[in-house]
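Chemist: Sequence:
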Amino acid sequence: MDIRQVEYFAEVAKQRNFTKAASVLHISQPSLSKTIKNLENELGATLFFRGSKQLELTDAGQAFLINAMNVLDAFNNLTSELNDVIHLKKGEIKIGIPPIIGAAFFSKLISNYKEAHPSFDMTLHEVGSNKIKQGVNEGELDIGLICNIPIKNESFEIIKLLKDPLMLIVHANHPLAKRESIDFFDIRQESFILYRHDFSLHDRIMEACQLHGFQPTIVCESSQKDFMIEMVEAKLGIALLPSKICKQIHTKAIKTVPFTNPTVHLELGMIWKRNKYLSFAVREFIGSAEQYVTYEY
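Each residue of the sequence shown is one higher than the one before, counting from 1 in full-length UniProt numbering.
Worth flagging that the hints you see were computed from the coordinates, not collected in a lab. The structure presented is a predicted model; accordingly, all values stated were derived computationally and were not measured. It is possible that part of the hints are untrue.
[Unchecked claim] Once the Cα atoms are required to be at most 20 angstroms apart in a straight line, the calculated SDA-like pairs of lysine to any residue come out as:
#1 273 - 134
#2 163 - 292
#3 89 - 283
#4 160 - 99
#5 114 - 278
#6 244 - 182
#7 273 - 290
#8 34 - 46
#9 244 - 219
#10 244 - 175
#11 90 - 284
#12 37 - 25
#13 94 - 124
#14 53 - 15
#15 247 - 273
#16 14 - 49
#17 108 - 15
#18 178 - 160
[Unchecked claim] Listed next, with one range per pair, are the computed distances between beta-carbon atoms:
#19 62 - 115: 46 to 52 angstroms
#20 159 - 213: 34 to 40 angstroms
#21 7 - 163: 53 to 59 angstroms
#22 79 - 275: 18 to 24 angstroms
#23 248 - 291: 21 to 27 angstroms
#24 41 - 283: 43 to 49 angstroms
#25 275 - 213: 57 to 63 angstroms
#26 51 - 75: 17 to 23 angstroms
#27 283 - 71: 29 to 35 angstroms
#28 111 - 210: 38 to 44 angstroms
#29 20 - 41: 20 to 26 angstroms
#30 89 - 50: 40 to 46 angstroms
#31 186 - 230: 20 to 26 angstroms
Glycine included, C-beta positions come from ideal geometry on N, C-alpha and C.
Construct the entire structure; sequences and hints are all you get.
Modeler: Here is the structure:
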């Protein structure tokens, strides 16, 4: 049995006449009669009583008609919804994004995309890059916007979006606040307010410290840049933040100092699982992100 047979049966039941039904369906009357006969043989039941004046549904036909209409309604709803999805009237996407970068780098992208696709269901998960990679790999996330993307990974497709150097932020009364620029080695004796260990920038900063021959003193780890800034403002230590975030710090109590030779960069990228089917919504978001970054940066 296929949907065409069900459609033909429903039209015959509506018209109670093979000739009229064939005309509505734009097929020949013999072809329609044959289709209905094959359906009856397949079901093992007579669906129509073929009287002298018009067709009448048998008890089996009445029962089949009720279910047939439900099937046709469900099929029509399905085809309409699929058409909506294809044209991005509906869709769903789950995105992982580190809270340390979200508002500064991608809030406008997400806002514009939601405005363009108001029926689009988008869920944002704010977690560190390492957890985002895990979520994408396990299928819990469709796309991950991550910091310091892996150079090569057999599990992911990767797009590099932008690269932003980290800058030092210190209290305005700190001796280093007077410097126009600074070498990384000059912060070896400072107390660090660092990203949490599940953020890849945590690893990059630790590697940079080791490269310059020292182990940093860590007084606090956080996933929230606002909290890190507040800790620096309270004179509890120094922090390293992406330059784009530093430009959004407007308090006079904080001074930002660039590195003479930037050692650590925030490399933003987008990943999705390799060899996984991408919905129209996901593919459209990927394309929009590439265009947005190209335009914005």
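Chemist: If a hint holds in the structure, say so; if it does not, say that too.
Modeler: How the hints compare with the structure:
{"no.": "1", "hint": "273 - 134", "verdict": "10 angstroms, holds"}
{"no.": "2", "hint": "163 - 292", "verdict": "14 angstroms, holds"}
{"no.": "3", "hint": "89 - 283", "verdict": "14 angstroms, holds"}
{"no.": "4", "hint": "160 - 99", "verdict": "19 angstroms, holds"}
{"no.": "5", "hint": "114 - 278", "verdict": "19 angstroms, holds"}
{"no.": "6", "hint": "244 - 182", "verdict": "18 angstroms, holds"}
{"no.": "7", "hint": "273 - 290", "verdict": "17 angstroms, holds"}
{"no.": "8", "hint": "34 - 46", "verdict": "13 angstroms, holds"}
{"no.": "9", "hint": "244 - 219", "verdict": "24 angstroms, violated"}
{"no.": "10", "hint": "244 - 175", "verdict": "23 angstroms, violated"}
{"no.": "11", "hint": "90 - 284", "verdict": "12 angstroms, holds"}
{"no.": "12", "hint": "37 - 25", "verdict": "17 angstroms, holds"}
{"no.": "13", "hint": "94 - 124", "verdict": "6 angstroms, holds"}
{"no.": "14", "hint": "53 - 15", "verdict": "12 angstroms, holds"}
{"no.": "15", "hint": "247 - 273", "verdict": "34 angstroms, violated"}
{"no.": "16", "hint": "14 - 49", "verdict": "14 angstroms, holds"}
{"no.": "17", "hint": "108 - 15", "verdict": "56 angstroms, violated"}
{"no.": "18", "hint": "178 - 160", "verdict": "35 angstroms, violated"}
{"no.": "19", "hint": "62 - 115: 46 to 52 angstroms", "verdict": "50 angstroms, holds"}
{"no.": "20", "hint": "159 - 213: 34 to 40 angstroms", "verdict": "35 angstroms, holds"}
{"no.": "21", "hint": "7 - 163: 53 to 59 angstroms", "verdict": "57 angstroms, holds"}
{"no.": "22", "hint": "79 - 275: 18 to 24 angstroms", "verdict": "28 angstroms, violated"}
{"no.": "23", "hint": "248 - 291: 21 to 27 angstroms", "verdict": "23 angstroms, holds"}
{"no.": "24", "hint": "41 - 283: 43 to 49 angstroms", "verdict": "45 angstroms, holds"}
{"no.": "25", "hint": "275 - 213: 57 to 63 angstroms", "verdict": "43 angstroms, violated"}
{"no.": "26", "hint": "51 - 75: 17 to 23 angstroms", "verdict": "30 angstroms, violated"}
{"no.": "27", "hint": "283 - 71: 29 to 35 angstroms", "verdict": "31 angstroms, holds"}
{"no.": "28", "hint": "111 - 210: 38 to 44 angstroms", "verdict": "39 angstroms, holds"}
{"no.": "29", "hint": "20 - 41: 20 to 26 angstroms", "verdict": "23 angstroms, holds"}
{"no.": "30", "hint": "89 - 50: 40 to 46 angstroms", "verdict": "45 angstroms, holds"}
{"no.": "31", "hint": "186 - 230: 20 to 26 angstroms", "verdict": "24 angstroms, holds"}
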